[in-house]
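Residue numbers (this note's numbering), protein chains in the order written: chain F, 1 to 586; chain D, 1001 to 1586.
Calculated from the structure, these hints are not laboratory results. Misleading hints may appear alongside valid ones.
[Claimed, not checked] To be clear about the criterion: a stretch of chain F counts as covered by chain D if any three or more of its residues have a C-beta under 8 Å from a C-beta of chain D, and this derived list gives those stretches:
#: 1; stretch: 163-174
#: 2; stretch: 180-194
[Stated by the list, open to error] Quick list of in silico lysine to any residue cross-link-like pairs, SDA-like style, CA-CA up to 20 Å:
#: 3; chain 1: F; residue 1: K27; chain 2: F; residue 2: K87
#: 4; chain 1: D; residue 1: K1508; chain 2: F; residue 2: L560
#: 5; chain 1: D; residue 1: K1105; chain 2: F; residue 2: E494
#: 6; chain 1: D; residue 1: K1378; chain 2: D; residue 2: F1367
#: 7; chain 1: D; residue 1: K1280; chain 2: D; residue 2: R1467
#: 8; chain 1: F; residue 1: K84; chain 2: F; residue 2: Q51
#: 9; chain 1: F; residue 1: K263; chain 2: D; residue 2: D1156
#: 10; chain 1: F; residue 1: K581; chain 2: D; residue 2: L1570
#: 11; chain 1: D; residue 1: K1581; chain 2: F; residue 2: E582
#: 12; chain 1: F; residue 1: K581; chain 2: D; residue 2: E1582
[Unchecked claim] Sample of chain F residues with no beta-carbon within 12 Å of chain D, all distances over it, derived:
#: 13; residue: K64
#: 14; residue: D122
#: 15; residue: F291
Note that CB positions come from ideal geometry on N, CA and C, so glycine has one too.
Protein chains: 2
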Amino acid sequence: MLRSHTCGELRMSHVGTEVELCGWVQKLRDKGGMVWIDLRDRYGLTQLIFQEGETAPELLEKAKSVGREYVIKAKGQVVERFAKNDKMPTGDIEIKVSELEFLNKAEVPPFVIEDETDGGDDLRMKYRYLDLRRGVVREKLQLRHKMMQQTRAYLDSQDFIETETPVLIKSTPEGARDFIVPSRINQGQFYALPQSPQTFKQLLMVSGFDRYYQIVKCFRDEDLRADRQPEFTQIDCEMSFVEQEDILQIFEGLAKHLFKNVKGVEVGDFQRMQYADAMKFYGSDKPDIRFEMKFVELDSVAKGKGFNVFDASELVAGIVVPKGAEYTRKQLDAITDWVKRPQIGAKGLVYVKCNEDGSFKSSVDKFYSQEDLAEWAKLANAEKGDLMLVLSGDLNHTRKALGELRLEMGERLGLRDKNTFAPLWVLDFPLLEWDEESERYHAMHHPFTSPKTEDIPLLDTKPGEVRANAYDMVINGVEIGGGSIRIHDRSTQELMFKHLGFSEQEAKEQFGFLMEAFEYGAPPHGGVAFGFDRLCALFGGSDSIRDYIAFPKNNSGRDLMIDSPSEIALEQLDELGIGIKEGAKN
Amino acid sequence: MLRSHTCGELRMSHVGTEVELCGWVQKLRDKGGMVWIDLRDRYGLTQLIFQEGETAPELLEKAKSVGREYVIKAKGQVVERFAKNDKMPTGDIEIKVSELEFLNKAEVPPFVIEDETDGGDDLRMKYRYLDLRRGVVREKLQLRHKMMQQTRAYLDSQDFIETETPVLIKSTPEGARDFIVPSRINQGQFYALPQSPQTFKQLLMVSGFDRYYQIVKCFRDEDLRADRQPEFTQIDCEMSFVEQEDILQIFEGLAKHLFKNVKGVEVGDFQRMQYADAMKFYGSDKPDIRFEMKFVELDSVAKGKGFNVFDASELVAGIVVPKGAEYTRKQLDAITDWVKRPQIGAKGLVYVKCNEDGSFKSSVDKFYSQEDLAEWAKLANAEKGDLMLVLSGDLNHTRKALGELRLEMGERLGLRDKNTFAPLWVLDFPLLEWDEESERYHAMHHPFTSPKTEDIPLLDTKPGEVRANAYDMVINGVEIGGGSIRIHDRSTQELMFKHLGFSEQEAKEQFGFLMEAFEYGAPPHGGVAFGFDRLCALFGGSDSIRDYIAFPKNNSGRDLMIDSPSEIALEQLDELGIGIKEGAKN
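Pulled out of the complex, with its shape left as it was, chain F reads as follows:
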């Protein structure tokens, strides 16, 4: 090694030792006769000292000539510091340098390499290797490493076998859009990159692997949003001979293990909630239950009083904002504007202030008497000093908008603390959901999810009401993972494909291998997949998964650092037997 120690390990006990350190120049302080250099590596910072009288003049000059981010090697003696710094672990000592070598010089970086930086997003993406030098950024990747280690430790202890599944697989039109890979040896044919190893992990169950896991890259060619990446990482798991309860137990165990061993936090048993209740009380299949503020349905007391807007609505529902009666007219107008934004899409907002004196003041006083409003308040358990915010309209949109408003109010009231973790299982998802665009039912989870046996008769009559053996793990309003008990027999799988609009031919072409596998002795099985990037972000207290990926892509799917995707040589396309279409937008 070019060094005898790292920049994070020297202490008082090392005083008097000759050491060699390597690292980056974090800071230079030049007081003329005295020069200090803060030397940085992954493990910490150590102060180097050079002083007139003790340091050879050429060496002092050399020390003065270092620039920020120079890579240097310093040899010297560990001495006790005159002015100790108890904020850094090495703050009791410094190195009296006797030899200094420049291992590599550095240009002035395009942005400041400190926890607080002046670099914008694009600049930091282009020079990601410099951004990763910042302590706050590197720590995120170190957290990710620890999350991986602890995930494996837990799953290994539970007899899961880590098994790699292929990356070059087969394209299927179901689900999101695939990335495809032209085959050179089989021209005109294509591989696809996996959106998940779903069918392979099920085949491993058919193989008797019993318990499988993998921390694995998956791919989706979607139009990107801020928190999506074309390639992302999943903790992917599957188990045989299990019922839903077993899976909930094992993977609640995983989450608890991670909270304990990575965050040092003990979380209690997870709350459980029906999908239907999540929608009814939180307007979301991933409710943030760090705070209460559940929906109250007011139809019974709000309809039939001559207010047309409510009378014509499928749902009238509200939330109670504690101590909100103090809100000014201006504040209430701002909230009204907020719900009317296109992202939320409410037509308007009704408020009811529950004044301290027992009276009510609402935006619909024209239609509702004090007694009427007292009934609302009673139904909603609103107390003196509280504020009720009420939305109305068709069921789904009203719930969705009210759910957003609930989150916004929780945020404004400081009820969504990043260091509080409120985990939850959402259970009994619908099997199918209606897709407006294609005018047919799609699998809500995926086509391999089993319906609840007792609901199978509904498939023909009310497909939207069939419940699945499907569950999501939700923490702080973020969907961290989801899974299901799978179909494991051919006839149910065929029935499912039929209801999803596959012809027999299509089902066979795309998933024939799986249905055939089910005929050779497939065990009952089920599993789960966790979004690993998001899980890391949650643990790190961040909303953005991008910070937790070493080399992320931007919202156009570009890697700004290596400048990819890029054009390639015509010969390469020729070899593959493909060409770029004229008029392809570029």
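Take the given structure of chain F and dock chain D to it, following the hints.
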């Protein structure tokens, strides 16, 4: 869980316990009044028993109706066996079944699911999920899992950070052929799948990550040979502030850790050999040193005696086969035919028998006296009873052919025991190698490998003689891993690209980001990558990496199970702005 225990865990201490087991029917023995079923899962086999008088008649009938590979659940009591079987861990007990449930029936499998099977390669590839049920196959994947666990345990203990690098990267013409991925959002542009995370791991060093590792999928679109797969797995590592010796120590440590913790084998310190010596004495850069049989160069004694073939040769060299003097004429002819096969390509073979009586018998007696041959034998340390096999011709071809012959003779003599492990570092590889086809020098390792400082002046005069700071780990004649100390400054990297025939423009377009990174403070660094599939095969005592991959592809890059690659919908191609060329072979 549908079961209370696995099929591998019940012992005498469980006798009397009520248990529930799930698994596959391995075997049914029906003796009329008595039926035994061997129930199998990943953990083992347990015997179920049903007998007239004790078992209800319907249950006995049901037991008789099970077929091979049925998935069943059996409830019953653990009882001591009458005839114990000490070959199976559960052989002391059996289950007196009271309830039997068919969880899934099974068609008759297309091949026998036992360690010895009647299924051919293609059939087993198509039904890989059934092949994986065979104990011998599943054990290979379990070995792989253990190798991964132990690799991570070692590298974690050495402060390496596991970091994921991107799969969608940029195509570069250097090296093997890339798989490419058309971009939909950026039509006309392409991602490439990584042949290795080389540049990313170097950038992580520039970022100060200090020690990086990853067990990662890599991709090469090559014409496939038996032991190549288009996607393969690498243990990929990089370290900063190191010299070659540090890397050799750390990764020799990894190999020793794996031998000890996976195989229970203590291997001593690795032998080390110069590349030049490996070629001179073994004709290979990956010598199998489980046996000696080094080359002897005979030019000094074999040339100038009137034998034109030798006189016109650049090299005359041989190996000594112990006790080979007994070989019959027929055996020698067979060996001669073997070296003349096109794969070996020797023009002929000269032999010298060192008879027990001290005389010599050679195929070139016409040109060489007994004294001449005695000189050969002396030079070669051949003893009475030995056989010398001699090849000649130009240097490289002769060495290569003699190397193959050496391995073949070692094989025939039983000197290549799969349970003996002879590890070796091959050091000081050439930096460049001449490529006949493109008539230019290529990087032997890759363009980021550093030349030995003292050899840099040779770059302009004798580029082929420049040695690199590059090393390979070789075990039993198999290249398990390789790496190098990298270039870490822009000017050397530019010099390297120049010598590889890159224009300044090309170098900038393809690797500008890396060269720029070197200007912002790049530390000295180096690393290594291990072929993980091959390492697993070596540990498992197999020549074929395919057995150690859960879902391998065949030699045409096809996955016979899912039938991929396959044609895709025209709309998918349209969205990507690409088309299949007319006349593309298909």
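Results of checking the hints against the structure:
no. : hint              : verdict
1   : 163-174           : holds (count 10)
2   : 180-194           : holds (count 14)
3   : F/K27 / F/K87     : holds (16 Å)
4   : D/K1508 / F/L560  : holds (15 Å)
5   : D/K1105 / F/E494  : holds (17 Å)
6   : D/K1378 / D/F1367 : holds (18 Å)
7   : D/K1280 / D/R1467 : holds (16 Å)
8   : F/K84 / F/Q51     : holds (17 Å)
9   : F/K263 / D/D1156  : holds (19 Å)
10  : F/K581 / D/L1570  : holds (12 Å)
11  : D/K1581 / F/E582  : holds (13 Å)
12  : F/K581 / D/E1582  : holds (13 Å)
13  : K64               : holds (18 Å)
14  : D122              : holds (14 Å)
15  : F291              : holds (34 Å)
Checked against the numbered hints listed earlier, the structure breaks none of them; every hint is satisfied.
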